[in-house]
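Participant: In order, the protein sequences belong to chains U and E.
According to numbering that gives the first Met the number 0, the first sequence is numbered sequentially starting from 0.
According to numbering that gives the first Met the number 0, the second sequence is numbered sequentially starting from 0.
There could be a bad hint or two in this list.
Remember, identical chains collapse to one label, so a pair may be satisfied in a single copy or spanning two.
What the hints assert, rightly or not - The list that follows gives simulated cross-link-like pairs (lysine-lysine, DSS-like), each with its CA atoms no further than 27 angstroms apart:
| hint | residue 1 | residue 2 |
| --- | --- | --- |
| 1 | Lys-415 | Lys-381 |
| 2 | Lys-38 | Lys-138 |
| 3 | Lys-142 | Lys-11 |
| 4 | Lys-142 | Lys-23 |
| 5 | Lys-57 | Lys-287 |
| 6 | Lys-360 | Lys-23 |
| 7 | Lys-381 | Lys-23 |
Calculated directly from the structure, the hints in this document are not laboratory data.
There are 2 protein chains.
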Amino acid sequence: MQFIDGGVTAPKGFTANGMLCKIKESSTKNDLALIFSEKLCNAAGVFTQNKVKAESVKLTKENIANGKAQAVIANSGNANACTGEQGAKVARKMASLAADVLGINSGDVIVYSTGVIGKQLPVEKIEKNIQSLKDGLSKEGHKEARTAIMTTDTHYKECAVQTVIGGKTVRIGAMAKGSGMIHINMGTMLSVMTTDCAISSQMLENALRKSVAGTYNCVSIDGDTSTNDSLTILANGMAGNDEITCEGEDFEIFYEALNAINTQMAKKIAGDGEGATKLIECNVSGAKDVETARGLAKAVISSSLAKAAIFGSDANFGRFLCAMGYSGFDFSPEKTSITFESAENSMRTGATDFIGEQKGKRTSLKVFENGVPLDFDEALAKKVLQEAEIKINIECKDGTACGTAWGCDLTYEYVKINGDYRT
Amino acid sequence: MQFIDGGVTAPKGFTANGMLCKIKESSTKNDLALIFSEKLCNAAGVFTQNKVKAESVKLTKENIANGKAQAVIANSGNANACTGEQGAKVARKMASLAADVLGINSGDVIVYSTGVIGKQLPVEKIEKNIQSLKDGLSKEGHKEARTAIMTTDTHYKECAVQTVIGGKTVRIGAMAKGSGMIHINMGTMLSVMTTDCAISSQMLENALRKSVAGTYNCVSIDGDTSTNDSLTILANGMAGNDEITCEGEDFEIFYEALNAINTQMAKKIAGDGEGATKLIECNVSGAKDVETARGLAKAVISSSLAKAAIFGSDANFGRFLCAMGYSGFDFSPEKTSITFESAENSMRTGATDFIGEQKGKRTSLKVFENGVPLDFDEALAKKVLQEAEIKINIECKDGTACGTAWGCDLTYEYVKINGDYRT
Chain U
0 MQFIDGGVTA PKGFTANGML CKIKESSTKN DLALIFSEKL CNAAGVFTQN
50 KVKAESVKLT KENIANGKAQ AVIANSGNAN ACTGEQGAKV ARKMASLAAD
100 VLGINSGDVI VYSTGVIGKQ LPVEKIEKNI QSLKDGLSKE GHKEARTAIM
150 TTDTHYKECA VQTVIGGKTV RIGAMAKGSG MIHINMGTML SVMTTDCAIS
200 SQMLENALRK SVAGTYNCVS IDGDTSTNDS LTILANGMAG NDEITCEGED
250 FEIFYEALNA INTQMAKKIA GDGEGATKLI ECNVSGAKDV ETARGLAKAV
300 ISSSLAKAAI FGSDANFGRF LCAMGYSGFD FSPEKTSITF ESAENSMRTG
350 ATDFIGEQKG KRTSLKVFEN GVPLDFDEAL AKKVLQEAEI KINIECKDGT
400 ACGTAWGCDL TYEYVKINGD YRT
Chain E
0 MQFIDGGVTA PKGFTANGML CKIKESSTKN DLALIFSEKL CNAAGVFTQN
50 KVKAESVKLT KENIANGKAQ AVIANSGNAN ACTGEQGAKV ARKMASLAAD
100 VLGINSGDVI VYSTGVIGKQ LPVEKIEKNI QSLKDGLSKE GHKEARTAIM
150 TTDTHYKECA VQTVIGGKTV RIGAMAKGSG MIHINMGTML SVMTTDCAIS
200 SQMLENALRK SVAGTYNCVS IDGDTSTNDS LTILANGMAG NDEITCEGED
250 FEIFYEALNA INTQMAKKIA GDGEGATKLI ECNVSGAKDV ETARGLAKAV
300 ISSSLAKAAI FGSDANFGRF LCAMGYSGFD FSPEKTSITF ESAENSMRTG
350 ATDFIGEQKG KRTSLKVFEN GVPLDFDEAL AKKVLQEAEI KINIECKDGT
400 ACGTAWGCDL TYEYVKINGD YRT
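The shape of chain U in the complex, shown without the other chains (with noise of 0.2 angstroms):
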């Protein structure tokens, strides 16, 4: 398995393309995508667990019932979510405005909005813009449907893999958007992935779900969960393997690259949260499940007195802790050591953040152990604590279970771009 350039296009017989349509009259930048696949895929999603769900949310788990879909149309600058009978149509509507100049069924798109809640969005600019939109569909497009989801993201996120199987080479690609109102339940923000393998549907499901619970699931920016979550993904079968419909050695090939993308992912939106300066990647090992494992972990990394000590490079353990005794999830404090680790000059740089190996020299230094505070160098903590990229490792002594799980500091810039996000 390889990494490749290209997201979503990298798979045989899939554009795209994307477009500024000024959903939001302020905005300057792409805000309408539209991915289309030449065959008829198979699809599976899965979506946002909060109990209020986005018109585009609801219309796309009716489309994607079937296990088809053929199309993606995405914008920005409007979530249609809290928007009533009048936010139904316009998701109905953006699906057949996408069906018509595809010629394909409406029922075989989906549909993602994604910005703010509340707000009528004004169908009619995608209606004048989406022949054109459609006629820039190309396998170059990618780079113009990658920024056009973006909200106050920094970066764009999209990552491509390759890999074989029964002898044929198969791709996969995605583009997610993330940054706020991220604690990811049962999918992210938006996350289109789209592969030329053959395989079913329920196969391409199962995959998803059990990919998900350890890499979008683990991720948290601010603790709240999205009425827009979605992660779909599409299989045109074009790369002519053998089609997978049951488990064994082909099903996992693909799932090893599926969960290698949705691995890297999770971090490149934990990166690139709202107002973030570092990646805080939690590792606790020796729980008693996974479960339990990737709760703990979540509870460090979605604190906000965690985060914010991150952010002011302050080894305030203690926050730690306290998140996981507060998590519901059970540990032994006494049995507990606390490490935390980074590498030198683990520097962000652009789009590309935080794939692959870090540079530098790790450095490692532990201040709690077995429950008992350590009389550490603070200097060397703050140190540590500078880079853009901390590990904290949590080791628990209840079992063998291992959980790792991605979030981001809390800086004035959170509170800056969420204190008047509309203006």
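Chain U is already provided as a structure; the job is to place chain E on it using the hints.
Facilitator: Relative to chain U, chain E alone:
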């Protein structure tokens, strides 16, 4: 029932004192407090549900288990949490130091600690100062004690009421600290209540548990449930009323007075959250039961995004609906309405913040009705949201139950305070 001056020393037979003993070397304000009743008291307490409990909390739970107590020793500057066996010794030493100078049993001493987690508490500083702390006990001493438990609080929090039970005047007083790591679950950061009412420890505990559920436990500053939350009440019986040992009219009067204090203290803690510029009160009505109403209200005031929006005076009510949606509590988005309300000149004026009636004209503005966003006046919304006390009134139409929760906005200052608490 009426509000009176005097805090914890308002009831008969109670004296208090506070002083600076530099638990944290850099401290310049009082950090050690003592409260004493000349008679042994019936006592009850509620404590943090965090699995990680401070050593002071563990000892206090043990000491109060017999329903009796006579004194409280409290320090700020160090939480004595995650400090292992040495921390347990320190807590016991604090109790015995207080007991020795007061001439009482160390098992009748309540110990409170608050401050940084995971550092050993320098108990020798308490030992050096305990005699002069005791010598200064007085009726006026509540003024020294109330500041000694503050950490990042900008105002002290105290309150007292008097009422008449069985022909006798009965008083209840309280002091508390709040500010950060506040997402109360079963007590508050630190709160001491005193009363001269004659009441059994069982009935004290009943009153406390019932009141806490709708007051302290409905406050959130940052979603972090502290390791040190403790609320205890000491009743010395010196008012001379017939002891309250069962439900009935006397208990109701006592409960009403106790609950009035707890409501005020909850608002004081929320309004003085770390970095807060505004008190947010969320009132949910028409819910199917009280637990649901409180759960929905607490989700709204706990959301980082909702809090940041209020900081920016942004009427982004979609974030409230989003928070209600992931709260785990039931409601029907399509039947929900939301109104903002504030009063002109709802100024924060020192320690008496938010007590009594607001001055100025009340303005209310409906922004969402029966699941549909209204086309409201954004300039007026901005004006309403610029006041220092904001009410968010949410109508559910699922039943008749009501619930209220209190919180504060998320500001640059919160990040600053917690990004480098130690320095």
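Participant: Next, verify each hint and record whether it holds.
Facilitator: Results of checking the hints against the structure:
no., hint, in the structure
1, Lys-415 x Lys-381, "both (26 angstroms within a copy, 16 angstroms between copies)"
2, Lys-38 x Lys-138, "within (15 angstroms within a copy, 84 angstroms between copies)"
3, Lys-142 x Lys-11, "within (16 angstroms within a copy, 75 angstroms between copies)"
4, Lys-142 x Lys-23, "within (21 angstroms within a copy, 54 angstroms between copies)"
5, Lys-57 x Lys-287, "between (37 angstroms within a copy, 25 angstroms between copies)"
6, Lys-360 x Lys-23, "neither (45 angstroms within a copy, 35 angstroms between copies)"
7, Lys-381 x Lys-23, "between (42 angstroms within a copy, 20 angstroms between copies)"
The structure does not agree with numbered hint 6 stated previously, though it agrees with all others.
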